[in-house]
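Trainee: The primary structure of each chain is shown beneath.
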Amino acid sequence: MMKAVNQSIMKKDAMALVTGKPVYTDDIAPQGCLIVKALRSPHAHALIKKIDGSIAKKVPGIECVLTHADVPQSRFTIAGQTFPELSPYDRKILDERLRFVGDAVALVAGSDEKCVDKALKLIKVEYEVLEPLLDFRKAKDNAVVVHPEADWKELIDVGGDNKRNLIASNKINYGDVEAVLAKCDVVVSGSYHTKQYQQAMMETFRAYTYLDLHGRLVIVSSTQTPFHVRRIIATALEISKAKVRVIKPRIGGGFGAKQTAVMEMYPAIVTHLTGKPAKMVYSRYESQIASSPRHEAEVKATIGATRDGDIKVITVHSLWNAGAFGEHSPTTVTLSGHKSISLYGGFEAFRFTYEVVYTNTIAAGAYRGYGATQGIFAVESAVNELAAKLGQDPAKIRERNMVREGQLMPAYFNEHATSCTLDRCLARAKEMIGWDEKYPSRAMGNGKIRSVGLSLAMQSSGINNIDTGAVSIKVNDDGFYTMAIGATDMGTGCDTILAQIAAECLECSPDDIIVNGVDTDTSPYDCGSYASSTTYVTGMAVVKTCEALKKRILLEAAKSLHCDSADIVFDGKLLTCVKTEAQVSLKDVANGSMCGNNTTLFATESHCSPVSPPPFMAGIAEIEIDRETGQIELLQFVAVVDCGTVINPALAKVQVEGGLVQGIGMAMFEDVVLDERGKIANDSFMQYRLPTRLDTGKIRVEFASSYEPSGPFGAKSIGEIVINTPAPAIADAVYNATGVRLKELPITAEKIFRGLQALK
Amino acid sequence: MMIGFWLNGKKITDEIAADMSLLKYLRSKGCYSVKCGCETTNCGLCTVWLDEKPVLSCAVPALRIEGRKVVTLEGLQEEAKVFGRFMGEEGSDQCGFCNPGFVMNVLAMVRELKNPTEAEINAYLSGNLCRCTGYASHMRAIQNFLAAKQRGAV
Amino acid sequence: MYTINQYVKAVSLEEAYELNQKKANLIFGGTLWLRLGNRTINTAIDLSALGLDKIEEREDAFVIGCMTSLRELELCQGLEALTRGAIRESLQHIVGTQFRNCATVGGSIFGRFGFSDILTCLLVLDTTVDLYKGGRVPLAEFVKMPRDNDILTHIIIKKTKRQAVYQAFRTAATDFPVLTCAVSRGEDGIRTAIGARPNKAVLFCDEENYLQGEISPAKLEAYAAYIQEHTSFGTNMRGSAAYRKALAGILVKRALQAALREENDL
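Protein chains in written order, with my numbering: chain A, 1 to 760; chain B, 1001 to 1154; chain C, 2001 to 2266.
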């Protein structure tokens, strides 16, 4: 029985947060920061012919008005990913060409909001309005080119060609797809459309910047990737990276949104040019129209099977809408195939092809699931459709075909499923909801019909061979530890979880481990909290660092115990020489180490994993539909998750519950609608409907833990997978209730109503 | 305009601009617990009490508090710690950005409703959005808190 | 968000009315809708000091001051009993309790908003509004009047015996309604109001006498079809005109069935 790992410990910052302590970016920003706001393009595609900020500059309190002429001219990417980035270098801080409604035209910095708002209205802009490219299905080789510039570049060839509006493309083949399809008794094919869903974290994007006494640019930002922001801003400002320091305070949520440096460059350039502290806080409106949402996608999935239900071949083609800029576009698309097809084992062939295109719409970025979500909606819907076509229970089709522990996953980098309890996840989820009694549907006798629908899901644990996390731990007075991490807690509680892992290794209480915040000057390097890497990758760095630290503790104890460190055992509090039974306390060793010492009780280690063991889960929805109106009510959603060893059961449960409700939002309530000029209509929480606590139904979550040998204490990851099951599960529940198959989200009463009408 | 009012139990007289919102005013006075999450009165993050009733401070013109009592989480620290511990035990604090407005509304709810059902709790709190938790752990925290109150444990 | 030059807490209705005659000035209700726009206001006129935030129960009517919050209205036991919960039903799905503590019934009704649940519900009751200069006007008439610079001071609901039922169709629990429907049955017959079409509510008083005498399912169907044909519907993000039309037929039937059941309960 572990003492710290697999315990539901309160987050270290819980009491500060529930009592409203001022710990977020806008709470700690210094008084007197210049307030920075952006003038935004009303056109989806335009050139700035003339821009004149001279009248705006005259407004009392205005410090500067910046246009494209005032900024460095080299292009960069704002995608938070390991260098060299796979995203194209297609951004400028301010550009002459505007590529989506809301694109930044100019920046104004002034002493308060009122004068800045006034100045914004006084900037004179003459636009040459160009025809916008709004339909991603027509983007490739369109006459309208989003990025015609000669200095567009990709550091790594991902099959892009900006002249064709193409960012990335690829074809992956395994086996002989055509031959296997020809032999299949049943083939199901469908096209699935998802939109640019917003992470909609409660704290919008914000940062403040200032020059420190050495003239270095300090950026305090609500970011998931401080180290990437350092590099991105240095690149954008064309200054040395040594001149930039990034500090991350408490963050009010991220979900991937803040894995793109959406706006740090704006206050940064103001401070860089004026020498003065600057602050920018995005409104919710800006966070809805000029942020970093999920990629809109059209995913075509084809499944071929025998009449008994053995899946023999899967093909996935993803058409990916990057929007105006290519952050995370070449990367997210790859998950739509690798992390959907790999749910199944035993197929003889697969093909995964994709094209990623530019359009004059909001630039997409990283959002929990990172492309797997869109792919799983397609593949799981197709498998559900296969079940219906075969007249088989969708659960039975999964039982026949799902990937099993130990199996090779040819669509998942040829890794083996070293830890997988997906079969137990599905079996338990079925039990929890009463699948056998409820599938496919039951008429309730009052014009309503209840039904169930299921989906499997997977994700990954860090990006193998790339994601790197380092940790350092120091022993202090009396033997308390300080642990420095570069991983970014955005509310998930990773500070606490990593302390739990350390506490288990060092055999102490997690309260004895103080976790320091992230500062690029002093924290060990971490790629950041994304790709579900923190528990699995950084957690392993914690384990390694503890092992290294314990060695040094033993060496230090050996001095006072007068024996070989190989003969000393450490139980977290006492160091005992097994030969002489002499003992010294950690407290004494710690205090003694600060006097006349040439060695440090300090260790730092880094970890990168060659593998990325997927977490797995099964999710089942129960819904009720009003046959007259089409109204759909989600009664309950159950999920069983295999994330390996659960480090903190309470926090893990909340991750699942939160992810499920985000998935429910995407499935039923959230929508992105553009008008004919490319303006997003869902530009507020009034129009972009997040699930409220009245919309979720009963959510129930359990764990069926495997043990992953390459993870800390057997852990994998949980951060992203949790959003992937609701959309396909609810869609199939709708089919099971009504015979209406919906392939575009969101699933609404009107769509069900129309479907029912069409079936009459 | 110069007005007098009570803020967290203290009598204050201050000059306030005609179109300042209560939210902006409170943050300018150091009540940083009051958060802004939207511009359309949908999120509930800015919830404070005005004469004991939970209101959206983003939508209250600051001058409207003349002669009235305003309470923010800064003025309810002891109660926040008691209820907040139940949140912490469920892990439901998460990013914490929705916490102040949520806690304000929960503390208002327990004064207004006696023995609320789960449905009544959700209805009362429907104006408090949260993106991290999916709300289930909030409910567990509230029910544990209410049960502890029943027992006289808190 | 609006901008204001001056904020005045009116000491009398006369003062408020005089100030409100200037186009650049504005009466402040809850300001929840107002703050979504960018209006430049010279003088904001606050009615908070005029004791208009109360519900008074008289022998023959409820007199509701215009500054009464939606939440007060929702919790009023007298109105709960009079309307069999219809008023509460029309209010309790609006955003949240904090929102309803701020929103005023005067602001909601004066605005005559398309999405207004409460307007739809009050239309089928014996509701009149008191206008400072315009006097007492039936709500059914007020709904059709253009916005002017008068002040709505009170809403009066007579204590007539009517079985009222309120139903709205929403795609998310606290979202704007896709369609609203209120029905009431009294001695003088059946009233039906359809709102959020997306335009503001319209009232029918069974002008063609579909619902006389024994009301069979066939009569309900015919009446619902009549309402559908005589109401105009539009398309917006929340629904198409065709869907709203279909919903209207369904909601009218269901509301009437509920109202008829209620009468039998008595």
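Treat the hints with caution; some may be incorrect.
[Claimed, not checked] Pairs of lysine-lysine residues, derived as BS3-like cross-links and limited to a Cα-Cα distance of at most 27 Å, are as follows:
1. A/K21 <-> B/K1149
2. A/K743 <-> A/K389
3. C/K2245 <-> A/K751
4. C/K2159 <-> C/K2144
5. A/K114 <-> B/K1081
6. A/K573 <-> A/K474
7. A/K114 <-> C/K2054
8. B/K1053 <-> C/K2054
9. C/K2158 <-> C/K2133
10. A/K751 <-> A/K438
11. A/K21 <-> B/K1081
12. C/K2133 <-> A/K448
[What the hints assert, rightly or not] If you want the footprint, here are the derived chain C segments under chain B, 3+ residues with CB under 8 Å:
13. 2215-2225
14. 2238-2247
[Claimed, not checked] Partial pick of chain A residues on the chain C-facing surface, computed with a CB cut under 8 Å:
15. Y210
16. H214
17. E628
18. T629
19. V673
20. Q687
21. G697
22. K698
23. E702
24. E750
25. G755
These are computed hints drawn from the structure, not numbers from a lab. Virtual Cβ for every residue (Gly too), placed ideally from N, Cα, C.
Trainee: Could you work out which earlier hints the structure fails to respect and list their numbers in ascending sequence?
Mentor: 5, 7, 12, 13, 14, 15, 16, 21, 22, 23, 25
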